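4 protein chains.
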Amino acid sequence: MPKSLSPSLASLNKTLEFEAEFIDGLKDIFEEKIVFNKLLGLKITSLTPHRVTARIDMRHELVGHYSHNRIHGGAISAGLDAVGGLAVMAAIGARHLDELPAQRLQRFAKLGTIDLRVDYLRPGIDDYFELCAEVMRLGSRVASTRMEFLGADGKLLSTGAAAYIVS
Amino acid sequence: MPKSLSPSLASLNKTLEFEAEFIDGLKDIFEEKIVFNKLLGLKITSLTPHRVTARIDMRHELVGHYSHNRIHGGAISAGLDAVGGLAVMAAIGARHLDELPAQRLQRFAKLGTIDLRVDYLRPGIDDYFELCAEVMRLGSRVASTRMEFLGADGKLLSTGAAAYIVS
Amino acid sequence: MPKSLSPSLASLNKTLEFEAEFIDGLKDIFEEKIVFNKLLGLKITSLTPHRVTARIDMRHELVGHYSHNRIHGGAISAGLDAVGGLAVMAAIGARHLDELPAQRLQRFAKLGTIDLRVDYLRPGIDDYFELCAEVMRLGSRVASTRMEFLGADGKLLSTGAAAYIVS
Amino acid sequence: MPKSLSPSLASLNKTLEFEAEFIDGLKDIFEEKIVFNKLLGLKITSLTPHRVTARIDMRHELVGHYSHNRIHGGAISAGLDAVGGLAVMAAIGARHLDELPAQRLQRFAKLGTIDLRVDYLRPGIDDYFELCAEVMRLGSRVASTRMEFLGADGKLLSTGAAAYIVS
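Those sequence lines, one after another, are chains A, B, C and D.
Here this note's numbering is used: the first residue of the first sequence is 554, the next is one more, and so on.
Here this note's numbering is used: the first residue of the second sequence is 554, the next is one more, and so on.
Here this note's numbering is used: the first residue of the third sequence is 554, the next is one more, and so on.
Here this note's numbering is used: the first residue of the fourth sequence is 554, the next is one more, and so on.
Next comes chain A alone, as it looks inside the complex (with noise of 0.2 Å):
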């Protein structure tokens, strides 16, 4: 559906790239720094400044249907919680262009996640799961992104919508 954000999301993508040290210092908090996020075991696959996308492998420890081998539906929620926070530090990095890489990062230390929505649509059990968000808009104070979670084929297995506090 988002057809209509198409024309910009084209043209941001041919001009724009981050530096190696804005990508690694996100890489490190996200993946190291926020402890919760290195036990779901997510991982930064892409990362531009209006989309990226992680990867959740499976695990026993994520298991949260004992008799399907199913994840836990919070295993979901708390990825696209997290990756939806991404989406908007990548948007915000953007932004701020100016700055230095470090500085755009203690940004991220401000971010504030206000609510979240998680709509669980088919059972998740995969190998490996797919997490991609995209910013739908990021103003000076409230930021809103929309989330999905894909199975290892490509299948829509839950979508996510959230608003975060950006400062």
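Hints are not guaranteed to be accurate.
[What the hints assert, rightly or not] Restraint-style ranges between C-beta atoms, simulated for each label pair: (1) D:L653 x A:A705: 37 to 43 Å; (2) A:D651 x C:A655: 40 to 46 Å; (3) C:H621 x B:R694: 15 to 21 Å; (4) D:S620 x C:L653: 16 to 22 Å; (5) A:S620 x B:S599: 22 to 28 Å; (6) B:S599 x A:K708: 36 to 42 Å; (7) C:K580 x A:N622: 55 to 61 Å; (8) B:R694 x C:T598: 31 to 37 Å; (9) C:A662 x A:S620: 51 to 57 Å; (10) A:K708 x B:Y619: 29 to 35 Å; (11) D:E614 x C:A662: 16 to 22 Å.
No wet-lab data here; the hints were simulated from the structure.
Small disclaimer: the values here were computed from a predicted structure and weren't measured.
Ideal Cβ placement from N, Cα and C applies to all residues, glycine included.
Model the placement of chains B, C and D on the given structure of chain A, informed by the hints.
Just chains B, C and D, lined up with the frame of chain A:
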């Protein structure tokens, strides 16, 4: 606000208690078999037909904000989803008291979250947290719950609402 | 459930009442100037710094389900969004008692809904409905509310939660 | 983002069209019998088995913000709930093509919204608005949808997500 619910809750409270076998069975499923709940450190602290409470002890693995030792919003959403489902399971258990505890417990396997909303009100910084959930309506196919995530001092940190499919 | 909120609410209740000028001004904005509220037939029934109630009389124009004379879910969501915003406005009014009523009322113009969730629990079939809203947290930039939509007999028909930008 | 959905959508698109009798029947229910939709001025503009669009012309009665001639958030949430339900009805219609149009239309009466989320991204100020809805999943008991509320120029103003009970 849920003043309107009080009369029925109060009356239920006085007339119904679960057997130890049912409670032990629910605890085993919730705290052990749902492995991700174990990773979160979720422990049931009370269980009645209409309201359940649980607890999460803070530990390093749950950190979401590296500089404040704050619990990850995803641990909150995961915990609230879990206790909402537990409350529905308790309500279902109360509806099927004619069945043996083991039969009632099998109904847990059929429970699924349709969707979840979490509102993050205040930073989750504390030694432990209390989670509680209440069933707002138990239909034949869908159940709706409200949940709360509280600090050790009883301060309200997050609220949630969820819908579950029951069958 | 919001037991944890009671102490502060109770203490506020005893110490603070709005001036007639402020209440009349809010009523004029809410019931007249916000024209869609008038279309819904929304009327404020009580207004305190932390909790507001309103009422909608059922009429043919609000029908959502043609064979049951049921109120449209959209009338419910619209009403809950409106009373949530009103509760935030009341809370803001209480925070800025040092300002003149007219000044405080101007703050209403800056209020905006960030997002809204409504859970439809039971069919809305009745002669009139009561709506109530409570502010869960009023921050400097974001306020969070919980709302309820009740039948004439006080039965809980729908619940809501919303976030508002305040400034 | 819903790239993952495209293949199935495209294939459905080519193989299925509704009969005029079914479309006219849905329009009559949606635009006339659901009286509140008429109050909103909701008109169906396209109807396929997986995606529907509708339109609301701005008028004074829909004003939510008195100084900006902005449409009320409640008119947005009401419209999004309505088109989400319409999309589910279209999807149900496509699933039961073996039934007569009149039989399929009776299924509309059994549809109910479980819950709704709306994210307000940008102020709704325009001469008319387009609403669109897509079914993310149609199960035997629950359907999930995503919705968008666009300005006359195609700018995304609000997004929504909802769950419906179908039977």
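Here is how each hint holds up against the structure:
1. Restraint check, L653 (chain D) to A705 (chain A): a C-beta distance of roughly 42 Å satisfies the suggested window 37 to 43 Å.
2. A C-beta distance of roughly 42 Å is found between D651 (chain A) and A655 (chain C), which places it inside the suggested range of 40 to 46 Å.
3. For H621 (chain C) and R694 (chain B), the hinted distance range of 15 to 21 Å is satisfied, since their beta carbons lie about 19 Å from each other.
4. Between S620 (chain D) and L653 (chain C) the beta carbon distance is about 19 Å. The supplied range of 16 to 22 Å therefore holds.
5. The hinted window of 22 to 28 Å between S620 (chain A) and S599 (chain B) holds, with their beta carbons roughly 27 Å apart.
6. Range check, S599 (chain B) to K708 (chain A): Cβ separation about 39 Å, and the 36 to 42 Å hint holds.
7. One distance hint, 55 to 61 Å for the beta-carbon pair K580 (chain C) and N622 (chain A), holds here, with the actual separation near 58 Å.
8. Range check, R694 (chain B) to T598 (chain C): about 34 Å between beta-carbon atoms, so the 31 to 37 Å window is met.
9. For the pair A662 (chain C) and S620 (chain A), the supplied restraint of 51 to 57 Å holds, since their beta-carbon distance comes to about 55 Å.
10. At roughly 34 Å, the beta carbons of K708 (chain A) and Y619 (chain B) sit within the given window of 29 to 35 Å.
11. In this structure the hint that E614 (chain D) and A662 (chain C) lie 16 to 22 Å apart at CB holds, the actual value being about 20 Å.
Of the hints listed earlier, there is not a single one the structure fails to meet.
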